[in-house]
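*Asks:* Construct the complete structure from the given sequences, taking the supplied hints into account.
Residue numbers for the sequence shown follow the working numbering, beginning at 344 and rising by one.
Calculated cross-link-like contacts (lysine-lysine; reagent style DSS-like; alpha-carbon spacing at most 25 Å):
hint, residue 1, residue 2
1, K526, K559
2, K522, K559
3, K559, K378
4, K363, K522
To be clear, the hints were calculated from the coordinates, so they are not data collected in a lab. Quantities reported herein were computed from a predicted structural model and do not represent experimental measurements.
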Amino acid sequence: MSKVKARGNDADGIAQADMKLEVVVIPVADVDRSKEFYARVGWRFDADFPFENGFRVVQFTPPGSGCSVQSGTRMTSAAPGSAQGLYLIVSDVEAAQRDLVTQGVEVSEVFYPGTPGAQFQIDGSGRIGGPAPEHAIYGSFATFRDPDGNGWLIQEITTRLPGRGLSNMDVTTLTALLKEAEKHDGEYESTASKHDWPGWYTAYIVARQQGKTPEKAAEDGILHI
344 MSKVKARGND
354 ADGIAQADMK
364 LEVVVIPVAD
374 VDRSKEFYAR
384 VGWRFDADFP
394 FENGFRVVQF
404 TPPGSGCSVQ
414 SGTRMTSAAP
424 GSAQGLYLIV
434 SDVEAAQRDL
444 VTQGVEVSEV
454 FYPGTPGAQF
464 QIDGSGRIGG
474 PAPEHAIYGS
484 FATFRDPDGN
494 GWLIQEITTR
504 LPGRGLSNMD
514 VTTLTALLKE
524 AEKHDGEYES
534 TASKHDWPGW
544 YTAYIVARQQ
554 GKTPEKAAED
564 GILHI
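*Replies:* In structure tokens, the structure reads:
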């Protein structure tokens, strides 16, 4: 059997196809209730496709995420609320916790595990209040649940372990974003230092990954165009 050529290689030098996690399906009992909740959380609404046979898919994407979340009808046999330990990575867990509270979401206080795996305990056992000492990376958490009980785990990560970072972006995607940024920086470049372009391009790419148009990113103060 011939092997398909691919971008990556495993430890034995055998070609491996890129596999990016694109969507996670969460089981819900009431699709409209779930849709209202994730809209209120502030996630980007991508689609709501109902079909005549009763199948329906609703998709949201968390801000800055390369992976989306789908719920609907006739999608999964899993019991509503059975999805647990779904990670959401943030750079500031306390700010993320405050944002959720502001949006009317019932969210735990920030904590760190006093015992290994305490972040996964539904009853909250083994948790110590407050962020991890010295905000140790990978150590601080908060949790919340959707109306069906699907459990989300917010984890603070400020510095990635080696090999992580732009792992969700391939060469083709990054090249396209750089070309797109190049088309939009002309006006900005005429009034800014020529040495400032790395920061502008970085902000542009991050904003586009979050689903913002250049105009929206400028309106939000992320870009100056």
